[in-house]
Structure formats: C-alpha cells, structure tokens
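Residue numbers (the working numbering), protein chains in the order written: chain H, 1 to 405; chain P, 406 to 810.
Take the hints with a grain of salt, since some may be wrong.
As the list claims (entries may be wrong) - Covered by chain H, per the in silico footprint, the following chain P stretches (three or more residues, Cβ under 8 angstroms):
id, segment
1, 456-470
2, 485-493
Unchecked claim - Pair by pair, the computed Cβ-Cβ distance ranges are:
id, chain 1, residue 1, chain 2, residue 2, range
3, P, K687, H, G128, 32 to 42 angstroms
4, P, D450, H, M1, 43 to 53 angstroms
5, P, D450, H, E115, 38 to 48 angstroms
6, H, M1, P, A457, 49 to 59 angstroms
7, H, I51, P, A457, 20 to 30 angstroms
8, H, G89, P, F689, 51 to 61 angstroms
Claimed, not checked - With a Cα cut of at most 30 angstroms, we get these calculated DSS-like pairs of lysine-lysine:
id, chain 1, residue 1, chain 2, residue 2
9, H, K110, P, K592
10, P, K517, P, K694
11, H, K225, H, K191
12, H, K112, P, K527
13, H, K122, P, K517
Quick caveat, the hints were computed from the structure, so don't treat them as lab data.
Remember, it's a predicted structure, so these values are computed and weren't measured experimentally.
Using N, Cα and C, we set each Cβ at its ideal position, and we do this for glycine too.
The residues making up each chain are set out below.
2 protein chains.
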Amino acid sequence: MSIIVQKFGGSSVANAERIQRVAKRVGETAAAGNQVVVIVSAMGDTTDDLIALARQLTQNPSRREMDMLLATGEQQSIALLAMALNEMGYAAISLTGPQAGYHTDGIFAKAKILEIAGERVKQELDNGNIVVVAGFQGIDAIGDINTLGRGGSDTSAVAMAVALKADVCEIFTDVDGVYTADPRVVKKAWKMPQVSYDEMLEMAAMGALVLQPRSVEIAKQYGIKLHVRSSFNYSEGTIVLEEVTMNENIEKEYVVIGVAHDMNVLKVNIFDVPDQPGIASKIFSALAKEKVNVDMIVQAGKQSEYQEISFTTGRDDQDKVKKVLDGLGLINYNLDGTVAKISIVGAGMITNPGVAAKMFRILADKGCNIEMISTSEIKVSCIVAQEYVKDAAVALHTAFGLDAE
Amino acid sequence: MSIIVQKFGGSSVANAERIQRVAKRVGETAAAGNQVVVIVSAMGDTTDDLIALARQLTQNPSRREMDMLLATGEQQSIALLAMALNEMGYAAISLTGPQAGYHTDGIFAKAKILEIAGERVKQELDNGNIVVVAGFQGIDAIGDINTLGRGGSDTSAVAMAVALKADVCEIFTDVDGVYTADPRVVKKAWKMPQVSYDEMLEMAAMGALVLQPRSVEIAKQYGIKLHVRSSFNYSEGTIVLEEVTMNENIEKEYVVIGVAHDMNVLKVNIFDVPDQPGIASKIFSALAKEKVNVDMIVQAGKQSEYQEISFTTGRDDQDKVKKVLDGLGLINYNLDGTVAKISIVGAGMITNPGVAAKMFRILADKGCNIEMISTSEIKVSCIVAQEYVKDAAVALHTAFGLDAE
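Excised from the complex, chain H in its bound form (with noise of 0.2 angstroms):
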C-alpha cells in the first residue's frame, strides 16, 4: 500500500462544486488502495477577503491576530472537503495544522516547520481515513497559530510527504507540469516528464512559481519524489526528483532544459554609490524593510571611489524603490521598466563549459544588448529590452536543442 500526499490549492476548492470534483479526485486515489493525505489552502479569494476585512480595522495588523484569522481559511476548506468526502462514501476526516502535528518556529506570517508529530495524522490513516489536513499553519511552542506565508501550503504538503515516508507528493495546480518554456510564445515548448529539484529550483526563481521554492528544497533534503500535475486532467505531469532518468521522452541529456522569461522587471542603476563598507548592505537592508523583492543584483568593479549598484525588481515596487533611494540620499539612481528578464536553466551547465558564451551570442545574433547578467551553477538569466524577449526565447529553444520534433 503507497502512501501519497496531495495538495489543491485554493483555486481548486473555491466553491462547492470543485471542492466535489476535488472530493472525487482524492476518493479515487484511496480507493485504487493508497493512504492519502490531502493538503488544502483556503478556498479562492477568502484569504484575500479576510486581509481587507483586517484593512478596515487597522493598517498594522498585529501578525500573530493576522495569523489567527488567515487560519481560519484553511480550517473551512478541511472541514468542507470532508464532508464532501463522506457525502461520497468516503471515510474521511479533517485535521488543521496544529491538530496534524505541524509544530513550527513561532515567527508570525513565516513560520518554518520545525518537525511534525505525525502520530494523529497515522492513526487516522490506518484507521482507514483519509486525512484532509489544513495548509499553510502550524503551532509554537506556546501554543499559538503560525502560518508559513502565503504558498506555504507547498511546503506543509512536502513536510507531511517527508514525515510519512510518503511515496510521492502530488502538488495539483492550474497547469499541467513544467514546460521547456512558456508554451504561448514557444510554439516548440513541450512538458518535462522530469526535471531535477535544483533545476525547479531555478525555475521558481525566475518566476515560474508552480512550487514555493522552500518546499523544493525539502523535498531535495529529504528526497520526496513530487509531482506537478494538473487538476483538470488526469494526464501525467512533471516528477521532481534527484537525478532525472532517461526515459523515452528524453533520449538525449539535455544541457538546457528550460527557457524562462519574465517582462514584469523594473531595472535599477545606482550610479556614484559611495566605495565604503557596508553601503550595499544599508541599501538592501531599506528595501527590504519596505518589502520590495529584490531579484538580480550587479555590482560592476571599481573604477574610482564611487561605483554602480545595479538590480531588478518588480514594475509595482517602483514607488517604493524611489521612497527608498531618496530616503538613503542617493540621488543618481536610473529607474526603467522597459526591459525584461530571459533565463536558460540546466542541471548539465555544470558539466558544460560555454553554455553561457553560446547564450549571449544567440542574443547578440539577434541584434540583442545585454544590459544586466545573472548566472548561478545550472542558470543564466540576462536582462534585455523587452521588444528582444520573445524572439529570443524561441531561438534559444531552438540553439539548446529543446523544439519539440
């Protein structure tokens, strides 16, 4: 008997009649004779909807009151799926994070799961249940609600695969596996049957959020197989595992297994930043105390006691960026939101010298400047005008080998 852990997020249970199609999916999965745990976040919009209803009290919600309402979402969407369950002729029964043993690090809004106490989730299991367990929450040491941040709900469904041994974890999302690149523009792209966790690692980075990263991660740690399948169809997906096998999708290694691109970028240049310690840490330290999600960062080599600071962010943090900067004093700073992002990801770089050099000269084949680089062992990402980023990601899956025959 396999153990599988399945997680639906929110999209999936938005309203009565998917949180059945839902009910229906994870009935079958028990019924051909597997244990299931199923993760579920809060259904559609009710997070969102409890986040204004916060807003019209305060606009400094205490995190730990914010945790303790945001809760609530999921515990309605268990609670639902297992009468839905039951409703079918299944057995089921609902537990929320702290009742599922998810014991976390007390840090309100971003909790991290410090180790689950599974005995409850295991007796429900050989009981004959199936166990529909609350996403995204957990409880501390002194007994308060913690939640993990939004798509922590990835990261519980990981952490309960991890805990149980678990055979695989399926994560259920509006798509149906990882692409060689996005299939609207890449007319060649096609569905990875596996790709490795680094390599999905690197795909989340770029913005390619199909899993939370910190879950990959775990799921890396401990080697939980996971799948990214779809909850429409019933069509494999994309395994994420250790090393990726061949099989007869992949008949060749592929160096480059994926193109990536992101137009939501706001590039940033900071000109004459004072050349003193601890100037890019202040810099960084202000934004992100405004929250702004810094992506890339250049910083060019010295040339004389001032320097340039580059890095990309996202286009709706442009007000806060400018509050920043002006903030820190530093008033010769460049702001442009005309360029975009293009990444090539693969686990086979490390092996293979020149994949970098063989990615800017495709761009400079096409006329392309290059305004900003960012590599890291199995990914080049490089910041170009926007007008560029379409054609390139389609010659560059053509370049590394990736059109579908």
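Given chain H, put chain P in place with the hints provided.
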C-alpha cells in the same frame, strides 16, 4: 483590581464598525482599571452562511466536521476584535476556545465544558492584556474541536467567570435588561434591577431567551454575578444573582416579578391514548428524535382505559409533529395554532399560597378560558386563546403590583 468577563453576541460584532464599537466599550472597561476577558460569538450571519455552504455538499454533515467548520466563525471575530483593540492603543490578545483551555466532553455540536485550564488566560491578563476569547468552542481529550451548540457563548462566558473567580460576568445584548413584561405590550413594564437565578431560568424557559439557560445554571451553581445589559448604551441592566436584595427600585418584596407571553405556540391534544406503561415515553422520544422542542406537557387523570395527553411546541414544528404521531399510529389528535402562552414568574410564590388561584381568577374576569396549565415552584403558565393574551398580560401586571408608578 476587578476581573470582569464580558460577552458580546454575533450581532454586536457583525461588521467592522460594530467591532470597533465593542472594542471601545471593552477598552474603556480595561482603562477603568479592570482585568478584562471578552467572549465573542461569530460575526452576524457567519454561522448561517457556513451551514448553507456545508448543505451544498451534504444534507447530513458529520457533526465533527460541522464543528470544525463552525469554530472558524468565532476565531475570525476574536482576531478582528483584538486588532481593533490594538489599533485603539489597548494591549490585547486573542485566544481560541482550545487555547483558552476549554476542555469539553467530546459530544460534537452540543458539548459540555468539563473544566477550564485557565493558565494562559491568567498569564495574558497578568501581562496586561485584554484577553479576547472565542465563545462556543472547546477541545476534547483527543484534541478535536467541539462546539457547545447555539447560544453556547453565554455558557463560555459564565464558565470563564467561574475559572477566573471573576467579580462579574456582563452579558451584552440588544435589550437593556430583563423586564417585568414585554414593554411593547405592557406599557407599565419596567426593567428589573435584579432577578434571582431561578427566576431568570424560568424566564428563559418561557421564551425570553436573553440568556442561555445552561449559563444561568452554572452561574447559580458557582454564585457568579451576571449583569445583562445593552451594548448600545451605558445604563445599568439587570443583575442576576442568588438572592435579590432591597434597593431603591425594589421597595417591596415582589411575589411575582414578571409576566411573559409567547404567541408562537402549537397546542397538540392526543385523544384515545391507550393507558399502558411506556406510551408517553414512546411519544416524546419520537418527538425528540425529530428535534421537536416540546414545552408544556399535561396528562389528565384517567377516565377510562384511554386517556388524553396534551403538549405544546412551536408552530413551525407542525409538520414534524404530524409525521411523528402518524408514524406511531395515533390517529385521533388535534393541532391548534390559535393559542398562546401567558406566564407569571416569581421566587416569592413559594411562600405565598394562592398566587396561581389569583392568576386564574384574573384570567376568568377577562372572560378568558384556560386550555392548559403547567406550574413549577416559581412559575405558572396557562395556554389561552391568542386574542386574550395581551389584555391578560396587562391585567396580570397590574394585579400583581408590577406596574411602574
């Protein structure tokens, strides 16, 4: 420093504006130098909305899952009220029923409180916090959430007052206290400054559901002073306590302290009931199973081998009553929805013989025929034709010396 428990019902916290009003009231009580614990219900229609959502999935929801679902309503209220208090500058913290230490007996949907482990609440009070607690809920021995049933928040409040040895438990409602009669009918009715627990219990049983009867029982058992008052104004309400003391408003000892009437009465007469042991048990068990709330029950002395059993219930139970009686093969019965109930209540009756006789005489003087009578030590209720009820209420109020000067 006094310890005060305050309870606000669902309509008092139905939206952000009302939550702010409650916060102001609670904050003022704390600012006056008291330690305050606030018990709140779910916002307005939340509970009904959640029930409707569940009904979309199943007609027979598991009680366990229903409790899991409904408990979220109070959890939302406490978080929001704590936020509102914080925003006004008051230190406050919310606690769910389980966090506040309500240990219940595991009977879903109508649990009883076994004990309150009040350490966390005491600790938060000592930390200078106003403690906002979710009413209506507790946790059982295996960690499942139980609810106390509708109106259970009154019981939550009184039980917390017991656990903390509170000086008073204030119940805020949309009326400003307990009246000698319904002021809409009896113009000379007045708000009683004090009533005894027993009188309050009889008033509650008579349909004046200002307080959940169970909460009054607990208050009586532990001698907790209750204060029923309006959430809309600051006037003194009605104090419920063991022995009513003399004060400026009560210059004389009243024998009867209240006249109540209830227009929503269905009178059921069952004729030709075989005079054999167990028949009454069979009838009323079957009615209970259909959740028919039976009020008065009268069985006349036997005249033959058949006898007559009469009882009253609410008019909306008419269909269920028919179904039960037909199901038991009782064919000779009569349902009458044209009657009403008029009652007098007063602890003084015990030591004043002739109170019931006086009531019957006053009704007779009005030309009003009595169809059923039911008495307790401190209450007499009569079923009469609806048309007489309002006149009778006024006449009884005058005859028992209750009219305001």
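Hints, one by one, checked against the model:
Coverage of a stretch by a chain is defined here by at least three residues with a beta carbon nearer than 8 angstroms to that chain's beta carbons; for the segment 456-470 of chain P and chain H the count is 10, and the condition holds. Interface restraint, the segment 485-493 of chain P with chain H: holds (6 residues with C-beta to C-beta distance below 8 angstroms; minimum three). In this structure, P:K687 and H:G128 meet the distance hint of 32 to 42 angstroms, their C-beta atoms being roughly 37 angstroms apart. With their beta carbons about 44 angstroms apart, P:D450 and H:M1 fall inside the hinted range of 43 to 53 angstroms.
The hinted range of 38 to 48 angstroms is satisfied by P:D450 and H:E115, whose Cβ atoms lie roughly 40 angstroms apart. For H:M1 and P:A457, the Cβ-Cβ distance of about 38 angstroms falls outside the hinted range of 49 to 59 angstroms, so the restraint is violated. About 23 angstroms separates the C-beta atoms of H:I51 and P:A457, a value consistent with the hinted range of 20 to 30 angstroms. For H:G89 and P:F689, the hinted distance range of 51 to 61 angstroms is not satisfied, since their beta carbons lie about 34 angstroms from each other.
For the suggested pair H:K110 and P:K592, the alpha carbons sit about 60 angstroms apart, so the restraint of at most 30 angstroms is broken. Note on P:K517 and P:K694: the hinted pairing holds, with a Cα-Cα distance of about 20 angstroms set against a maximum of 30 angstroms. The suggested pairing of H:K225 with H:K191 holds, with an alpha-carbon distance near 17 angstroms, which does not exceed 30 angstroms. Proximity of H:K112 to P:K527 is assessed by CA-CA distance (about 29 angstroms); at most 30 angstroms being required, the pair is judged to hold.
At most 30 angstroms may separate the alpha-carbon atoms for a hinted pair to count; H:K122 and P:K517 meet this at roughly 29 angstroms.
The structure fails hints 6, 8 and 9 (numbered hints given earlier, in ascending order).
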